[in-house]
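Line by line, the protein sequences are chains P and G. Count along the first sequence from 1, then add 15; that gives the number in our numbering. Count along the second sequence from 1, then add 15; that gives the number in our numbering.
Source of the hints: derived by calculation from the structure; they are not laboratory data. One or more hints might be untrue.
The list treats identical chains as interchangeable, and a pair is accepted whether it falls inside one copy or across any two copies.
[To be verified] SDA-like cross-link-like pairs, simulated, lysine to any residue; straight-line CA separation at most 25 Å: (1) Lys249 / Gly183; (2) Lys208 / Arg195; (3) Lys249 / Ser259; (4) Lys208 / Pro260; (5) Lys126 / Ala35; (6) Lys208 / Ser259; (7) Lys208 / Val143; (8) Lys249 / Val180; (9) Lys17 / Val226; (10) Lys249 / Asp189; (11) Lys17 / Leu227; (12) Lys249 / Glu312; (13) Lys152 / Ala240.
Number of protein chains: 2
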Amino acid sequence: MKCRACRAGAVIELPRHNSALCRDCFLAYCRNQVSRAIDEHEMLRPADRVLVAVSGGKDSLALWDLLLDLGYHVDGLYIGLGISGYSEPSAGYARAFAQSRQARLVEVDLKGHYGFDVRSGAAADHRVPCSACGLSKRHIFDRAALEGGYDAVATGHNLDDEAAVLLGNVLRWDLEYMARQRPVLPATDGFPKKVKPLVRLAERETAAYCVLRGIDYQVDECPMAAGNRHLGYKEALGLIEERSPGTKAAFYAQFLERAAGPVAAAAGTNASTSLHPCPSCGAPTTSQLCAFCRLVERAGGDPKKRIPVSAG
Amino acid sequence: MKCRACRAGAVIELPRHNSALCRDCFLAYCRNQVSRAIDEHEMLRPADRVLVAVSGGKDSLALWDLLLDLGYHVDGLYIGLGISGYSEPSAGYARAFAQSRQARLVEVDLKGHYGFDVRSGAAADHRVPCSACGLSKRHIFDRAALEGGYDAVATGHNLDDEAAVLLGNVLRWDLEYMARQRPVLPATDGFPKKVKPLVRLAERETAAYCVLRGIDYQVDECPMAAGNRHLGYKEALGLIEERSPGTKAAFYAQFLERAAGPVAAAAGTNASTSLHPCPSCGAPTTSQLCAFCRLVERAGGDPKKRIPVSAG
Chain P
16 MKCRACRAGA VIELPRHNSA LCRDCFLAYC RNQVSRAIDE HEMLRPADRV LVAVSGGKDS
76 LALWDLLLDL GYHVDGLYIG LGISGYSEPS AGYARAFAQS RQARLVEVDL KGHYGFDVRS
136 GAAADHRVPC SACGLSKRHI FDRAALEGGY DAVATGHNLD DEAAVLLGNV LRWDLEYMAR
196 QRPVLPATDG FPKKVKPLVR LAERETAAYC VLRGIDYQVD ECPMAAGNRH LGYKEALGLI
256 EERSPGTKAA FYAQFLERAA GPVAAAAGTN ASTSLHPCPS CGAPTTSQLC AFCRLVERAG
316 GDPKKRIPVS AG
Chain G
16 MKCRACRAGA VIELPRHNSA LCRDCFLAYC RNQVSRAIDE HEMLRPADRV LVAVSGGKDS
76 LALWDLLLDL GYHVDGLYIG LGISGYSEPS AGYARAFAQS RQARLVEVDL KGHYGFDVRS
136 GAAADHRVPC SACGLSKRHI FDRAALEGGY DAVATGHNLD DEAAVLLGNV LRWDLEYMAR
196 QRPVLPATDG FPKKVKPLVR LAERETAAYC VLRGIDYQVD ECPMAAGNRH LGYKEALGLI
256 EERSPGTKAA FYAQFLERAA GPVAAAAGTN ASTSLHPCPS CGAPTTSQLC AFCRLVERAG
316 GDPKKRIPVS AG
């Protein structure tokens with residue numbers, strides 16, 4: 016098997032591009048896909064200070080590496096979720112990467128900082144763990160980016176993630192969720208700008224990128240996510256992709272091109288006028304207290320703690 | 016396992032209804048679902064003369080049986096497609112059912128009537144077999160209904176079929192196909208009214224209906240359809256349904272309720288004004304000769320033959 020670009024020995028097949036690439040051409044392809052995503056959706060300007068949401072998995076470490084190589088000023092923020100046997104090694108991968116690239120990694124430990132971990136917070140707030148986890152991560156990344164003066168939060172959502180979330184939303188025809196599913200969310204109403212520069216790369220491509228770049232990452236799925244619906248949607252799309260390579264990419268790209276507009280129009284504009292700052296933390300909310308501060312209170316912690324990060 | 020309705024011994028579980036039913040309550044459930052679909056979508060009026068598209072499979076025979084039991088005047092039309100080892104036994108099941116119910120079955124043999132079978136027609140017209148088959152069946156059912164004076168053509172598309180077609184259209188975001196995917200298509204522009212009364216019944220439910228009613232049917236999938244995309248979409252949805260019973264039904268129902276309108280608006284109105292009658296057969300077409308007559312000509316047959324059916 017020869018590299019389609021340079022005829023050297025190929026290390027990876029890309030069925031959806033009807034192609035195979037050698038190590039160097041594959042790494043260039045990854046950088047190119049990220050560059051194209053950033054340009055296509057006007058995600059970042061060259062001088063932007065970016066905060067990467069780092070989990071220690073393949074996607075967030077590949078993203079951090081790629082953004083550094085593309086010349087952006089990027090710090091990482093790792094949130095210790097207190098998931099036994101999973102969070103500790105994940106933090107280790109994040110620290111090792113930061114050290115190897117001499118990049119700045121800020122760590123916030125949920126338990127040490129707010130007094131709860133994902134499991135106890137979920138129980139106290141009567142949520143499933145994935146819901147408490149997502150709420151906490153969104154809140155902390157958003158607040159850290161705003162308080163730290165960053166221009167954008169970058170997350171490692173890849174093509175498989177976005178396609179699976181879109182499929183889940185489409186299966187319920189949840190037009191409001193569909194309308195919000197874009198690769199860039201502009202800074203508005205007290206939220207920082209959020210970007211997903213990996214939307215043109217598949218999951219197996221970010222994994223291969225890490226392997227070929229010698230980046231060690233947390234290979235295991237989060238034990239609390241096992242059997243969740245999102246993984247079921249990924250499996251179903253994987254089955255279709257195998258028969259018809261390119262289906263996932265077309266599903267996501269054509270959604271943005273053809274359907275996102277009509278869907279947003281049908282869903283109506285968001286009632287953003289009813290947002291006000293949470294009296295405890297300042298985050299925008301429609302409730303008396305924001306959902307994260309309610310979670311912290313119910314879990315017996317202190318919601319007023321500030322996150323120790325600044326764009327330096 | 017007890018029947019949820021009458022506490023007799025249950026014969027079938029219905030996970031999406033969180034229910035299990037005995038034979039009699041299940042048959043009543045099937046009739047009720049068909050009745051509801053017909054009412055909900057204003058498919059048929061009581062005195063309508065209906066032509067059922069009969070393949071000899073579980074769906075079309077269950078549909079014919081259910082419509083007869085609901086009191087409609089229903090004849091069947093079977094098209095002999097000339098698929099070796101498959102068409103002959105299929106016809107046998109259709110004939111046996113018609114005889115058992117003393118119902119009228121009209122048969123059109125593609126080879127005898129038009130001079131080609133699915134395989135040779137597909138080859139002559141440079142189509143895949145499923146495309147030549149679908150084109151021929153749509154044409155013959157439509158013409159037969161119009162020429163025979165029927166009020167509607169009823170087809171056995173079940174919930175699994177409709178959900179799989181919808182998924183295929185959504186994966187490509189083909190808004191025009193999505194806009195046309197409705198359980199009723201009104202009679203317009205030289206097309207008969209078309210209805211799908213089984214849209215509230217899953218595939219395994221129509222199969223169970225036939226078994227419990229003692230209706231023998233063609234169990235095998237068409238050998239020419241093996242590995243086609245539609246079956247892949249069904250498999251993927253089946254995987255999701257297993258984890259989350261009710262997903263398929265919600266996907267289809269919510270599409271009709273929430274998304275079909277905006278999608279139709281975005282797709283724009285059909286350019287039906289450019290349709291004119293095919294000079295050979297009278298069917299509406301946008302081309303010089305309609306696609307079916309072109310197929311017949313290329314296959315060396317006579318497109319002008321009329322279909323021997325009337326609503327009597």
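Structure-based check of each hint:
1. Proximity of Lys249 and Gly183 under a CA criterion of 25 Å is satisfied in both settings, with 10 Å inside one chain copy and 16 Å between copies.
2. For a Cα distance limit of 25 Å, the shortest separation of Lys208 from Arg195 inside one copy, 13 Å, qualifies, whereas the shortest one across copies, 38 Å, does not.
3. Proximity of Lys249 and Ser259 under a CA criterion of 25 Å is satisfied in both settings, with 15 Å inside one chain copy and 14 Å between copies.
4. With identical chains, the CA atoms of Lys208 and Pro260 are never at most 25 Å apart, being 32 Å at best within one copy and 37 Å at best between copies.
5. In this assembly of identical chains, Lys126 and Ala35 lie within 25 Å of each other by CA distance neither inside one copy nor across copies; the values are 45 Å within and 46 Å between.
6. Taking identical chains as interchangeable, the C-alpha atoms of Lys208 and Ser259 are never at most 25 Å apart, the minima being 35 Å within one chain and 34 Å between chains.
7. Proximity of Lys208 to Val143 under the C-alpha cut-off of 25 Å is found in neither arrangement, the shortest distances being 27 Å within a copy and 48 Å between copies.
8. Within a single copy, Lys249 and Val180 get their C-alpha atoms as close as 9 Å, and across copies as close as 19 Å, so both meet the 25 Å cut-off.
9. Taking identical chains as interchangeable, the C-alpha atoms of Lys17 and Val226 lie at most 25 Å apart only when both belong to the same chain, with a minimum of 20 Å there against 55 Å between chains.
10. When the C-alpha separation of Lys249 and Asp189 is checked against a cutoff of 25 Å, the pair qualifies both within a copy, at 18 Å, and between copies, at 22 Å.
11. For the homomeric pair Lys17 and Leu227, the shortest alpha-carbon distance inside one copy (17 Å) is at most 25 Å, but the shortest distance between copies (58 Å) is not.
12. In this assembly of identical chains, Lys249 and Glu312 lie within 25 Å of each other by CA distance neither inside one copy nor across copies; the values are 35 Å within and 46 Å between.
13. For a Cα distance limit of 25 Å, the shortest separation of Lys152 from Ala240 inside one copy, 15 Å, qualifies, whereas the shortest one across copies, 47 Å, does not.
Of the numbered hints stated above, those contradicted by the structure are hints 4, 5, 6, 7, 12, listed in ascending order.
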